[in-house]
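Chains as they are written, first to last, in the numbering used here: chain A, 2 to 319; chain B, 2 to 319.
Worth flagging that the hints you see were computed from the coordinates, not collected in a lab.
This list has only true hints and no planted wrong ones.
Only part of the chain A face toward chain B is listed, based on derived beta-carbon distances under 8 Å:
| hint | residue |
| --- | --- |
| 1 | 90 |
| 2 | 228 |
| 3 | 246 |
| 4 | 264 |
| 5 | 268 |
No residue lacks a Cβ here, since even glycine has one placed at the ideal position from N, Cα and C.
Residue strings, one per chain:
There are 2 protein chains.
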Amino acid sequence: MRCLWLEGGALSSRPDVPEPRPAAGEALLRMRLAGVCATDLELRRGYLPFTGVPGHEVVATVEAAPSAPEWEGRRVVPEINAPCGACPECRAGLPRHCRSRSVLGIAGRDGAFAELLAVPVASLHPLPEGLADEAAVFAEPLAAALEVLEQVHVTPSTRAVVVGAGRLGQLVAQVLALTGCSLAVVARHERQRALLRSRGIEAVEEQDLAPRAADLVVEATGHPSGFDLARRLLRPRGTLVLKSTYAGSLEVDLSALVVDEITLVGSRCGPFGPALSLLERGLVDPTGLVEARYSLDAGLAAFEHATRPGALKVLLRP
Amino acid sequence: MRCLWLEGGALSSRPDVPEPRPAAGEALLRMRLAGVCATDLELRRGYLPFTGVPGHEVVATVEAAPSAPEWEGRRVVPEINAPCGACPECRAGLPRHCRSRSVLGIAGRDGAFAELLAVPVASLHPLPEGLADEAAVFAEPLAAALEVLEQVHVTPSTRAVVVGAGRLGQLVAQVLALTGCSLAVVARHERQRALLRSRGIEAVEEQDLAPRAADLVVEATGHPSGFDLARRLLRPRGTLVLKSTYAGSLEVDLSALVVDEITLVGSRCGPFGPALSLLERGLVDPTGLVEARYSLDAGLAAFEHATRPGALKVLLRP
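Let the hints inform the model, and build the full structure from the sequences given.
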């Protein structure tokens with residue numbers, strides 16, 4: 002089959018990789034639409050030593066599901082994490098933190114930038130008829146955005162700031178806006194600002210914001226540089242949610258976190274069910290983020306497009 | 002008056018510093034007993050550029066209080082932070098985070114390693130008769146230990162670990178033990194371990210603990226090295242409370258915090274009222290921590306004693 006292939010940090014387009022063979026309890030999916038995410042770009046920079054097919058944001062049709070044939074032909078979104086169900090984390094109700102999980106297109110499992118992919122049947126979410134592929138393909142990053150609300154109690158009185166208005170920042174902003182909180186989003190690019198304004202969300206530049214005034218700052222820039230800005234905007238006793246993952250570590254003044262009694266909350270993957278529900282009801286509309294569509298054969302060009310400064314969502318079709 | 006004096010990171014014993022003159026709303030206190038804290042030692046290492054009399058853990062007698070003469074002659078403990086009452090933080094109910102606060106013996110206000118000190122009357126806590134000076138002198142660090150419970154909901158089912166069994170770690174351990182949680186304290190020195198065991202608290206060495214198993218880890222070593230150990234012991238989605246302040250910053254893998262969805266909670270000063278209440282009722286007994294008593298004139302020797310590895314509380318008398 003045709004796919005993109007990552008090896009030693011180099012991405013290539015391959016015409017003849019063997020088709021995946023679903024293991025027991027797995028389904029074979031035919032990719033309909035897949036999204037390029039910052040993590041895919043970071044994988045290429047060496048964030049994790051993954052070899053295989055990248056891609057974890059995907060809408061697909063179930064091609065075969067030997068153990069659960071009722072799924073065949075259905076349009077689905079698979080979870081990004083495939084847990085073991087038996088380790089201490091799984092038993093503690095934290096399957097997304099399973100210590101032997103595979104992660105679609107990131108660790109231990111080939112991903113979605115391919116004609117076909119194999120995932121556990123248990124990871125499938127069926128899609129309602131009215132939900133378009135171009136909305137449903139955002140289920141995974143929207144779930145990740147919703148994780149902020151799973152972890153932090155955001156109230157209508159919360160003064161919140163999102164730093165970074167790229168692919169993930171836009172979704173975090175839409176989700177926070179639903180709480181009725183006071184919300185400003187630091188956006189560097191006019192296209193990002195226009196998109197936020199079209200959803201009734203205040204787009205600002207860094208210098209528009211008072212320092213040490215936000216109750217909650219979500220750092221979603223995808224870059225190490227976002228941390229310092231987020232920190233400056235936060236009030237004492239405030240909460241800083243970290244959404245960015247990137248290669249390398251950062252010098253952090255932990256004593257200053259103690260003095261200001263800051264709470265840092267690392268935030269990764271979230272719940273798919275509520276994400277699909279919000280998409281279906283139109284309470285979150287990510288389709289304005291779609292910036293370009295490429296065929297799988299033009300996958301390398303799609304990656305280059307996604308790395309442009311300010312680029313929003315780039316999609317891949319089979 | 003006689004006092005210890007910190008200037009340019011050098012500590013000296015001075016016989017003839019002018020007595021403090023209380024400003025409007027302030028009281029003049031005569032020191033009865035004062036404790037040496039890790040922060041005092043860090044100040045000498047350049048953690049903050051303070052010049053003046055250090056010392057912020059103190060029991061005193063009110064010598065004069067022109068605006069509130071009913072306080073005169075009373076035995077008191079003063080708060081460490083003196084807030085302005087007018088800034089956004091004070092108005093938001095966060096006086097300990099007042100942006101123009103003075104901090105006794107740390108920033109903007111001479112401290113307690115002196116015969117006399119001046120503090121706002123509003124910062125005074127009267128001491129009940131039955132509470133000995135050697136217990137009450139722990140009010141400030143015990144309040145700081147209680148701040149963990151103000152910030153984190155510790156339940157009887159929480160698996161908690163305290164890393165560091167020095168002055169602050171012992172108090173944090175005693176406070177956590179009151180919740181009925183499962184508790185282990187990483188202690189390097191036999192004296193520390195014996196003291197914990199005498200309170201019915203499990204003292205362990207680093208290698209006794211399973212990695213990634215604790216729900217809550219409190220880092221109270223006072224050293225940058227404590228962070229890595231605390232991080233290793235913490236389960237995914239766990240909470241790491243930072244109590245240490247020291248000069249300099251630390252390389253932190255923030256992406257790993259995101260992947261494991263760790264919450265870091267900076268924790269500084271806490272509530273004096275509950276601290277005094279626990280001391281009065283004997284639910285916390287810090288007196289076993291007292292390792293040595295020095296006169297103010299021997300203050301330099303007291304500091305040297307306090308820097309010994311594993312040293313617990315060193316007290317200063319007038």
